[in-house]
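Heads up: the protein sequence lines correspond to chains A and B, in order.
Under our numbering, the first residue of the first sequence carries the number 1, and numbering increases by one thereafter.
Under our numbering, the first residue of the second sequence carries the number 1, and numbering increases by one thereafter.
To be clear, the hints were calculated from the coordinates, so they are not data collected in a lab.
Careful: at least some of the hints might be erroneous.
Claimed, not checked - Cross-link-like lysine-lysine pairs, in silico, BS3-like; alpha carbons within 27 Å at most:
(1) A:276 to A:9
(2) A:134 to B:138
(3) A:9 to A:171
(4) A:289 to B:74
(5) B:5 to B:74
(6) B:204 to B:5
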Amino acid sequence: MNEPTVKLKTLAEAAALIENGSRIHLGGMAVHNHPMAFVHELLRRGTRDLTVVSHVSASDVDMLIGAGCVRRLEFSYVGLEEFGTAPCFRRAVQGGELELSEYSEPVAFERFACSARGMPFFTTREMMGTDLPKVNPDIREVSDPFGSGVYHAVSAAEPQWVIIHAALGDKYGNVLFFPHRQLPEDLDLTASRATRNLIVTVEQIVPHERVRQLPYLNLIPRFRTTAIVEVPYGAHPFSCLHVYDQDREHLAHYAEAGRDPVTFRAYLERYVYGVKSHDEYLSLIGAAKLARLRQVGGAL
Amino acid sequence: MTGPKASVYEVMAAAIARELRDGELWFLGMSTGPQTILLLTRIPIVAMSLAQHTHAPNSWMLVAGWVMNPDVSKVPTRMESEFGTSLGEWPCEAYNNSLTMSYVAARHEIDVGFGSAAQVDKYGNCNTVAIGDYRRPKVRLIGPVNQPGHFSLFGREIIVMPHERRNFVDRVDFASGAGYLDGPGARERHGLHRGGPVMLLTDKAVFRFDERTKLVRLESVHPGMSLDEVVADTGFTHDYVPERVPVTPSPTARELTLMREVIDPSGAMLGRDGG
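Pulled out of the complex, with its shape left as it was, chain B reads as follows (with noise of 0.2 Å):
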């Protein structure tokens, strides 16, 4: 098979769709910083339409919880901000705060969501909150926003990360988002009966966790990325790397077009040129 090449964000974007089924209710928060932007914030509004072009049609889109299965392709905006006066332009089916301010994520009606954190642990915990001593922080961060019901009342948390060494550790400084907290069982001690993530993605590779053991493990590397480059990148401690480590499936030629003629003509999302 040959054709256009694939971008890291379009390998993301269809990386992305895979995990998300169809007659799901999809929810998207706020990022902050360009970078973060640009992967918990666009990539994933591409992949939501990719999948709802695809195999996804009952899905619903809750872009900040008020913009509702939007037109991307017309987006007014490169979503600099989760609302605004230009934003509220934006073509989509509806348009409110009714359900998030009330009741579909109280109701763990909410299958997917998607968040983001300067440390994720191996057993995914994460951290907006403070690195270092929380009286006393080396950084202090944005804080807890919406993370903690991300981790607690929605079914599937997806992260998407920079992939930065420091962004991996053994053990979060404050944990914002329980992930499988210290291992298999303690979230159900805490009284979490479902959710926590599946998936966490990287601008180099994909993680899931072990089913049994609850810890992070490396799923793949994006194509063109080393198995080396990336493992020198993760700061991981424990035993992550399986004995085989595949590639990332590219985008299929389909997909590729839908998301480049179809719901991001514009260049707005994933950029003209990937970046």
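Isolated chain A, as found in the complex (with noise of 0.2 Å):
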């Protein structure tokens, strides 16, 4: 059999294929899952006037917008759990600078379930009585033909880009799950559906043969991935999940630094401007931290 094309590429190559004025989504949700490195990388490269169609986005989505590289949001929530609000979105906002499509979670969820399906609308009840319809246009009122009244439509999210980070994948982009997947990753499958553009970023590409022991656990195939990146560590500050947990000195520590925009200026260029890779990142956080957020077993 002749060798499938070897998707494996480096972070600047990925990042590079996300134009100016692009669709994206960013994978993850809440403080896990977030394709940071990819982020970082974008932030580097300085790619502007993004629209960014998410559900639950934390700093990958709240860095962006600080750095002026957001022009919409499509959202639910943009929020660090425990460390509160975000900061450059709630600025942003604030100071009337950003374009907002809200919807509640599930919506926001099953827009994707809805490109997945290659549907351009769904219809839904539970934002009624909500002031979300008086300030988004994009939540419409449809009749139901058969009879039962009244519903919002929305439509799918329609990503052009889909970036998600993985655990584990081959170098022909087949990426491989844990059986025991929590929300965060069950939403990034769905996404992965949702576009034919697709980016992966994973802790660790594995021999082609690994993936053949483990069939099952394969689900996203080769096919569907556009580009595959090694990047150990790829979501910190926030968990892989199964692989280590957030880092939450780290998130504490980006709460307060986005406060205020100087102190936001000097975090990106401490940790983003001021590296020229992903490794000269983890070694500004750190061999120690690392490896006390490792959380061997926990994909056992």
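With the hints as a guide, bring both chains together as one complex.
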């Protein structure tokens, strides 16, 4: 058999695929599994005018907003869980600098499932009575042709690019998922099916033979993957579920630094613009810290 | 009856447990900020477990939708996040997203949910989106998250929030959770034929909603709190104080023993001294 196309790329090669003005989805949810090494690379490239279509975001999107890379945000939540609100998001919205299209969380999730089904819209009643339809012109009223009343129609997510972070994959773009998935991983799987332009960063590239030994865990088959990138601790300071926990100390630091544009700029200079590569970033975070976040056995 | 004095968090957990019935499906979602994690995550988890240990063995607890009927005494974290590598080690009866990713909420099968907000108004409408004008808010908040569904798809919503004067307003600046909107009949006019808030629980008092007027009214003040203190810290401007305001019942000796020795012996949930 001829060898399939090797889709292994560097972080810089993968980030270069995203043009200014693109409509992108960054995977992960809350403080878990966001493709942060990729976000840092976008920041270093200065990719701008992005429309970010998300659901439950954190500093992945907050940093891009703070650096002025985001024009429009379609979302349900931007926050840092125990560390409170997302500082740059808050500042930008209060300043009227960001175009918003806001939905309830299951609706924001369902937009990706809708794209995965190949449908342009779906209907829901769960936002009835709220002020969301009053401020979001993308939530439209439709009548049930079978006569059960009025519903809200919501469009499919339709991301041009989906970028997710996972634990393991091979050089051809197959991606393995643990059987005991948590919601952030299930949402990433759904998002991976909502586009044909998929970039996956993984903790570790494993030999293709490993995929063939565990074919039932291969939930993103290589034909769906555009590029795959190996970035250990690629979700830091967030968790990569079943591999390591979120870095609470660093998230607290980010929440504090982000509150002021000057200290936020200093944070970016130190952790993003001031390093040339993800490896340099990891050196800055420190081996001892990273080792302590590791949860060996979490996958067993 | 004499015995160890209950902390305010134990009083709150017992108050929630009394609100929960056997055979129900309960859902708990995410919280933002350390105080909200205590009030909206840890206290309701203890309350749900307490109800399961007492009167509700056929209930089903969905923590963040994926950990179901956990052994609370073995919680591996302090619920700083609703997911996590370490949290994945929590012993429980079921562990997957199959219920919440598809149907139980959409089919109106969830009986009780727990919510919080930066503002709640006299009709129980909740705001987690923005203080001030939506387009140029004075304070931008986290976003609606799952609050719309809690108030439209679930059977009963229990609102748990810190008792600060500014949190209780005449009208929310933005309704992300639909309470009784602008009064009797309003939910029905919006196609909401069930659900809505039934209880507003704070660290000082219990409020409920009048069946006829749908207005929030003070139900009880927690042990050790004076009515004057509670009123001074409550921003509602309508007449919400009835003639008689009893003290919120303390947990029974059995409930206290269950919480301290069986459900939360390490204090990971409610803290060793209640703090």
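- Going straight from one Cα to the other, do residue 276 of chain A and residue 9 of chain A come out at no more than 27 Å? 17 Å, holds
- Query: Within a Cα-Cα threshold of 27 Å, do residue 5 of chain B and residue 74 of chain B meet the stated pairing?
  - Reply: The given pair, whose Cα atoms are some 25 Å apart, holds under the 27 Å limit.
- Hint consistency between residue 134 of chain A and residue 138 of chain B [alpha-carbon to alpha-carbon, up to 27 Å]: This hinted pair holds, its Cα atoms lying about 19 Å apart.
- Message: Given the hinted pair residue 289 of chain A and residue 74 of chain B, is their Cα-Cα distance within 27 Å?
- Response: 26 Å, holds
- Task: Given the hint that residue 9 of chain A pairs with residue 171 of chain A, test it: the Cα-Cα distance must not exceed 27 Å.
- Result: Given that 27 Å is the threshold and the Cα spacing comes to 9 Å, the pair holds.
- Satisfaction of hint between residue 5 of chain B and residue 204 of chain B, Cα-Cα up to 27 Å: 16 Å, holds
Of the numbered hints stated above, none is contradicted by the structure.
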